[in-house]
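Take a look at the letters that make up each chain.
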Amino acid sequence: MKTATPLTGALLYLNGVTVSFEGFKALNDLSLVVEEGELRTIIGPNGAGKTTMMDVVTGKTRPDSGEVFFRGTADLSRLDEAEIANLGIGRKFQRPTVFENLTVFENLELALADSRGTWRTLLAHSTSDRRDRIAAALARIGLSEQTGQPAGALSHGQKQWLEIGMLLIHDRTLLLLDEPVAGMTDRETEETAELILDLAKDRTIVVVEHDMAFVRSLGARVTVLHEGAVLAEGSIDHVQNHQRVIEVYLGR
Amino acid sequence: MPALPGGQQKGAWSPRFWASFLACGVALAVAVPAFNHWVPPDSPAALPDYLVPLLGKYLCYALLALSLDLIWGYAGILSLGHGAFFALGGYCMGMYLMRQVGTRGVYGNPLLPDFMVFLNWKELPWFWWGFDHFAYAATMVVLVPGLLALVFGWLAFRSRVTGVYLSIITQAMTYALMLAFFRNDMGFGGNNGMTDYKDILGWDVHQSSTRLGLYIASVLALGLGYLCCRFITASKLGRVLLALRDAESRVRFLGYSVTDAKLFVFTVSAVLAGIAGALYVPQVGIINPSEFSPGNSIEIAIWVSVGGRGTLVGAIVGAVIVNSAKTWLTGAAPETWLFVLGTLFILTTLVFPRGVVGLLRRPSRIRTRAAARVPAGERA
Amino acid sequence: MGPVVTVRLLRWVGIVLLLLASSVSARADDFATLVGDLASDSFADKERAVTALGVLDDPRAVSVLQALSEGRLLKTTDGRVVISKIAGGTTRVRDAVTGEDIAGADPDRFDRVIVNNRLRGAIEGALAALTLFSIDRDARLVAARDALRHPSAGEAALLEKAIAVEQDPEIRAAVQLSLSAARLVSGSRQERLTAIRALGTTTDPQIKNLLDEFRAAPDTDPELKKAADAALTSIGNRLRLVSIAANLFQGISLGSVLLLAAIGLAITFGVMGVINMAHGEMIMLGAYTAYVCQQSFRALLPADWIDAYLSVAVPVAFFVAGGIGVALERSVIRFLYGRPLETLLATWGVSLILQQAVRSIFGSPNKEVSNPSWMTGGFDPIGGFTITWNRLYIILFCFIVLSVLALILSRTSFGLHMRAVTQNRPMASVMGIRTARIDALTFGLGSGIAGMAGVALSQVGNVSPNLGTIYIVDSFLVVVFGGVGNLLGTLVGALSLGIVNKFLEPVAGAILGKIVVLVAIILFIQRRPRGLFALKGRTAEAEA
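Chains as they are written, first to last, in the working numbering: chain A, 1 to 252; chain B, 1001 to 1380; chain C, 2001 to 2544.
So that you can see chain A by itself, here it is in the shape it has in the complex:
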């Protein structure tokens, strides 16, 4: 394995990443750089490799070849999900996955930045500091009323927020959000956009999204993926006028 020195300053650095499933190349020599503090949106048609890219970054899928570095030093292709999560990379799935049998409070409690060791978890203590942090997060995602409810009883949009709240409370450096507004009402979508912009003030966020109105409302740099590789990158106006992008995606 070659040990090229990744770009300095880049928070997330993917170079030449290839992943194939039984002959089908989900990622084909993908290279992508996300700078610290950036808000990045990634768009692309179905099968372009958006979710696989997130799988690679979060350790769910191992790349067949290529390099994946976090903060220039941590080789994500060699770590497992829990280790990557503990580096400060959080992920929100396409479908909301909260722990439905736990209460809203307990969901946040598990996500709280805290020791993850099995012994420490077994012998964990309750402190007012932790309670306060959970209460603050509840207020920020607007679920203070629902604190004692089982998460399974929340509405679809509330589950999405709870999940974002869980990423928030862990103090992640990098958040990967997979279609955060899928299935939301227009009003919920607007609120989510505000929440993301608010979150982006003090962390790096990568958003995968189909909803072009939502992407536009975020006003961030856009990367277009196609057939497992980057097709175009730039402002939303730049990519919307890009000839190839129109052919494969926007102008269908």
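It should be emphasised that the hints constitute simulated quantities derived from the structure, not laboratory data.
C-beta atoms are modelled at their ideal positions from N, C-alpha and C, and glycine is treated no differently.
Each computed DMTMM-like pair below joins lysine to aspartate or glutamate, with the alpha-carbon atoms no more than 20 Å apart:
1) C:K2085 with C:D2095
2) B:K1122 with B:D1132
3) A:K60 with A:D75
4) B:K1010 with A:D132
5) C:K2075 with C:E2100
6) C:K2225 with C:D2212
7) C:K2085 with C:D2106
8) B:K1010 with A:D129
9) C:K2514 with B:D1185
10) A:K60 with B:E1248
11) A:K201 with A:E35
12) A:K60 with B:D1260
Partner residues aside, some chain B positions facing chain C, computed with beta carbon under 7 Å:
13) L1155
14) V1164
15) I1168
16) A1176
17) E1335
We have chain A; now place chains B and C onto it with these hints.
Only chains B and C this time, still in chain A's reference frame:
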């Protein structure tokens, strides 16, 4: 029911809990011996001698069921090989009891148990060394099932064997052990197993006072086992387990080591099962390889289901109910028992998934998963 | 039958005449003298008499020698030699020479003629010599093979005579082999060399021992020794080959049984994600269907129709087990989709009920299902091991079932729908496939195949209510090993498990071999948690 962030769940150790826990403990540990020992035998209130080891046996089964509920009800790990840990604990105790027989065996050999003399063994195999000391045997009761669970669990959980795959390989594990223990040259008595015990810690195992002592030890073991399970399930780790039962990979993305958490409860559970086996053997007077049979292990799951999964108390209640029914039916109408057991398996999964305890409790307090909310990933 | 017997009689007469002509000293009073010598106190005298009786060509000698070897030859107080025989609960005593009954004699009062091991060897040799010319073909064959065990110069002469008159090719071959063995110990140098070469083409362990002994003798001619070495190497190689072939056949046979048992499990697991613990009981029901068919044929139909019961049992078992499978799916399993662990427990309950029901109806003892005549016996392709017809037919049957199933899956619309449901259930449902119907039919198909597997199993073993539990753990391992919902995986899984098991057995013993296989699979699952031929990709490990 909101929980405190970190730490034990609110209400888990309330005075109300302690009151009912101690009440049950006293009823089992004091009332039973009292009715057996101090009430005159001809009184209708007297508890006949033969019932004491029978009740003791039920308590051992209850501890075994508790150990399965800890991993199945909370972490979603359905082990179909838990009988193996129970039997291993039982064998460790059986080896101690065999060594206590000394020269009183049929062949009067001071060193070798009868079956070894019979098979022409010349010396005690190394893995029997030390079993004449109770402390060593007791340590092995914990270590042997614990280590097996640790190694097996590490292999399985590390490579993310879950769901029915895990159930099948645990079944294969107990099946392989059963075949191994049936072999005479393993040095554990082959298919006859070990029996004809004389005494334990110097007391005659046939004496009613010894049996009462073993019974009380079973009550204590069950009580401590229950507290241990309750401590785990009411801790933050308990919430992690519930979370990983429902969405395992999500827990990984939160930064928890699913492997470690599962391995921890699996090992604790195996140790509890081993202790249950060790208490079971002197009370029933025999241990043989059929304890390893896959059918026995699956039956444990039905005790837990009948009582109510994920409730701990349910496991105890279920084990006692099902085994009392078994004792009664196999005496009264033996051919109907398997019909009843089979029907229980179907009914508890189909009609009463929350079991006896679930039916008695208010629905909101039960943390079992409703059928409709199953993640599709489990179907693969 | 008549003409055959006549021909045989004529041949027998011919042999007797030939022997009479060749043995000059054969006279009836010799027989009486020799029988009298048998009662001598000296073992040397007895042995001489036995050897002489062997070449005397007197048919009475056979019964005398047999009585002697079985301890039924007695000596009366007045020196007569008699044979005792238990018939119909009473002991009859008759004169060994004249054959007439001695009424009222109490055999307990007579002394038994004592035999030692050396004498026993002589008796066997003599009996072989006599029976080599028996009228009964089977007796001649046995004698020809028996002759291998005590090769001697006298025997060589005898075998030469036998081969001159023997017509049956199988017996001729056996006689020839025994003759070679006899020449090895007694023949001229040239004869020995020829014999060694002939013996080198066999696979009989006895001949190997004989050659070993010959080679190890101190005064063996070096050239003969070399030839014996070559023969031994060739026998050793052939024996190794035979043992590999035998293991392979038995492994494939076991593998095909496992495949039949596991294949239904594999498709139900693949399509529905359901572990059916009652699958073993479907096998058991199939086996009992075979039993019931056999009994009905015996009771209701003419005796020579009995061979046809199997061809009725196969489809009946398919529909009986398949029907019960569909009923099980409709009444229990469909309510448990998405809860694989609960399904596992509920179907275990079903299996207990089915076992007990069969036990209540048919009783616990094993039932015997006999092979039809065309499945009885076997043949020996290379010498040294037998391919039995029943196992061969099961292997064939198994591959027919597999091919038909593969055709159903690849060519019919039911198969297409089934594969669609396996790969993506919600999508299949959206496309208008009635998934509930597919589930029920798949379950019926899987159970039906298990039923046919049961018929096959009834041909190689006994039928009992717990027949299914014997195979269920192995079937699971096949499925887990091969990967779910994949016929090729199941095939490879079953055959490799069967073959590995059979090759381990001679090395490690049956039980230890099985334990090794179980542990190996447990370890294998660590490497490939989804089996050898698992689907890979996003859909296969989709997470909610």
